[in-house]
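Residues per chain, in single letters:
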Amino acid sequence: AQSVTQLDSQVPVFEEAPVELRCNYSSSVSVYLFWYVQYPNQGLQLLLKYLSGSTLVKGINGFEAEFNKSQTSFHLRKPSVHISDTAEYFCAVRAIYNFNKFYFGSGTKLNVKP
Amino acid sequence: KAGVTQTPRYLIKTRGQQVTLSCSPISGHRSVSWYQQTPGQGLQFLFEYFSETQRNKGNFPGRFSGRQFSNSRSEMNVSTLELGDSALYLCASSLGTGVDFEAFFGQGTRLTVV
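Read top to bottom, the protein sequences are chains B and W. As numbered in the working numbering, the first sequence has no gaps in its residue numbers, which increase by one up to the final residue, 164. As numbered in the working numbering, the second sequence has no gaps in its residue numbers, which increase by one up to the final residue, 343.
Worth flagging that the hints you see were computed from the coordinates, not collected in a lab. Just so it is clear, the structure is predicted and the values come from calculations on it, not from any experiment. Do not rely on the hints blindly, as some may be mistaken.
A partial selection of chain W residues facing chain B, derived with a Cβ cut-off under 8 angstroms [claimed, not checked]:
{"hint": "1", "residue": "PHE274"}
{"hint": "2", "residue": "ASN285"}
{"hint": "3", "residue": "ASN300"}
{"hint": "4", "residue": "ASP329"}
{"hint": "5", "residue": "GLY337"}
Negatives, chain W to chain B, calculated, CB over 10 angstroms [claimed, not checked]:
{"hint": "6", "residue": "ILE241"}
{"hint": "7", "residue": "VAL248"}
{"hint": "8", "residue": "LEU250"}
{"hint": "9", "residue": "SER251"}
{"hint": "10", "residue": "PHE293"}
{"hint": "11", "residue": "SER315"}
{"hint": "12", "residue": "LEU324"}
Take a look, some chain W residues computed to stay more than 12 angstroms from chain B by CB distance [what the hints assert, rightly or not]:
{"hint": "13", "residue": "GLU281"}
{"hint": "14", "residue": "GLY291"}
{"hint": "15", "residue": "THR309"}
All C-beta atoms, glycine included, are put in the ideal place defined by N, C-alpha and C.
Kindly generate the complete structure, drawing on both the sequences and the hints.
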């Protein structure tokens, strides 16, 4: 099985400041890695994914994440946040052979202040 | 293309009753997974259906069941509802085979058990 740990349950940050949301995972098999965003009373929207190749992946809305195999981490970053980025962010893993079975972290609430 | 559609969006049921939730996946997608999201337990995998067969199952009691129809639409049923079943239920749609790297989530059904 796989597991995901998101180290921060809440991250307050001022608008236009940089932010990093941390994610560590554990798995005995090869996995794909994902970041999803959830706005209040909404489903999950994919921000970005790591499948293979370059360890730096870019996603929507200016987000990027870096895969570090040795540290089993997949931290999400944005150089300058906006008020509209206020939401909950979930890191997830999926075994490459398990098409639609995700393991999610507990989520990080990003609160962007003016 | 149309996204994943979940109905109803909101539901209030009484303890002991049963409930059925519906999920229509993206056209051409054959895999539908269901997740339960609660503040205490986060996002937990319930089960996955692919081509009308349950392919993966999470650690939920037998009160939680599902099925998938030939048009890939899926239903989830919870019998003998308990207060702890109050949650946001999300379904995710994906190709389920071959080059399948991404799942698309619906907006969820908010179930409240009173």
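Please list, smallest to largest, the hint numbers that this structure does not respect.
Structure breaks hints 3, 12.
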